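Q: Using the sequences and the accompanying hints, generate a full structural model.
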Amino acid sequence: ICTLPCVKILVDHTVYTSFLHATSAQLSGYFLDSKGDVMPKNKIVYPNQIGVAGESDIFELNFLLSAVGLNTLDVPSSEQRHSISKRYDGIIILLFIKYSNTDTYNLSTVRYYYQAALIENTKFKAEEPIFTKHFDTRVIWDRHGIRIIVLQIGQVGKFDFQVLLLTLVSGLGLLAVSTLIVDLLATRILPKKKIYRQYKVVTTETIGTTINEDTVDSRQKLSSKGEIQ
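Those letters in the sequence shown? Residues 96 to 324, per the working numbering, in order.
Treat the hints loosely; a few may be bogus.
Here are the simulated EDC-like pairs of lysine to aspartate or glutamate, each with C-alpha atoms no more than 20 Å apart in a straight line [as the list claims (entries may be wrong)]: (1) K218 / D278; (2) K253 / D237; (3) K103 / D132; (4) K220 / E174; (5) K218 / D231.
Cβ pair distances, simulated, as ranges [to be verified]: (6) T227 / V133: 21 to 31 Å; (7) L115 / K288: 53 to 63 Å; (8) E174 / T262: 46 to 56 Å; (9) L270 / S195: 45 to 55 Å; (10) L270 / K138: 40 to 50 Å; (11) V272 / L115: 35 to 45 Å; (12) K103 / K253: 14 to 24 Å; (13) I104 / S180: 16 to 26 Å.
Please keep in mind that the hints were generated in silico from the structure rather than gathered at the bench.
Please read these numbers as outputs of a predicted model, since none were measured by experiment.
Positions of the beta carbon are idealized from the N, C-alpha and C atoms, including for glycine.
A: Written out as structure tokens, the structure is:
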């Protein structure tokens with residue numbers, strides 16, 4: 096692997112949905128560090144550029160390695176291979192490009208984030224056979240290097256009244272079912288079901304007599320005033 100600053104990576108990507116089609120040059124982009132925090136713009140220095148309007152993203156290889164917390168390749172390849180360095184064995188990096196339009200209340204504002212992850216205890220090599228003067232003799236080139244796998248993920252959506260209505264109705268239905276289940280457990284199954292039932296259901300034995308007496312009193316008052324014929 097050559098000196099890290101000599102390798103520059105240009106990334107040009109696009110997001111396509113039924114209601115959105117945009118390239119990286121049309122969107123706002125950010126880079127997440129090894130802790131998952133947004134990297135400040137002042138730490139992305141030339142020739143690295145990310146999220147510049149109208150241009151593709153460019154970053155050096157050492158910038159990508161620092162994003163995964165790797166400052167040098169001259170470290171042990173793995174716990175089992177202390178004497179071999181990552182520079183010799185090679186490494187594999189996953190570069191995630193995550194799209195989202197839920198960072199603001201404006202759903203038409205779509206942003207993307209880069210996040211790199213190093214796959215530990217792995218190595219990468221590419222074997223290339225090179226035939227010499229005759230087909231019965233050949234030379235095998237065993238190249239070790241850095242493999243970058245780009246994965247596009249994310250969640251982009253828009254407001255849909257029908258989905259909102261279905262969600263509300265489903266939520267109300269689940270709330271009613273959960274209430275019914277809790278009532279049945281409390282009044283029919285739990286050890287203190289008699290106490291729960293006593294406080295949940297209040298039986299009033301004199302409600303009929305009270306209503307009849309109040310009705311008679313009201314009719315007597317109205318009759319005395321001559322309002323009932």
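Q: State for each hint whether it applies.
A: These are the hints, each one checked on the structure:
{"no.": "1", "hint": "K218 / D278", "in the structure": "violated (59 Å)"}
{"no.": "2", "hint": "K253 / D237", "in the structure": "violated (50 Å)"}
{"no.": "3", "hint": "K103 / D132", "in the structure": "violated (23 Å)"}
{"no.": "4", "hint": "K220 / E174", "in the structure": "holds (19 Å)"}
{"no.": "5", "hint": "K218 / D231", "in the structure": "violated (30 Å)"}
{"no.": "6", "hint": "T227 / V133: 21 to 31 Å", "in the structure": "violated (53 Å)"}
{"no.": "7", "hint": "L115 / K288: 53 to 63 Å", "in the structure": "holds (56 Å)"}
{"no.": "8", "hint": "E174 / T262: 46 to 56 Å", "in the structure": "holds (48 Å)"}
{"no.": "9", "hint": "L270 / S195: 45 to 55 Å", "in the structure": "violated (30 Å)"}
{"no.": "10", "hint": "L270 / K138: 40 to 50 Å", "in the structure": "holds (48 Å)"}
{"no.": "11", "hint": "V272 / L115: 35 to 45 Å", "in the structure": "holds (37 Å)"}
{"no.": "12", "hint": "K103 / K253: 14 to 24 Å", "in the structure": "violated (36 Å)"}
{"no.": "13", "hint": "I104 / S180: 16 to 26 Å", "in the structure": "holds (22 Å)"}
The structure fails to meet hints 1, 2, 3, 5, 6, 9, 12 from the earlier list, while all remaining hints are met.
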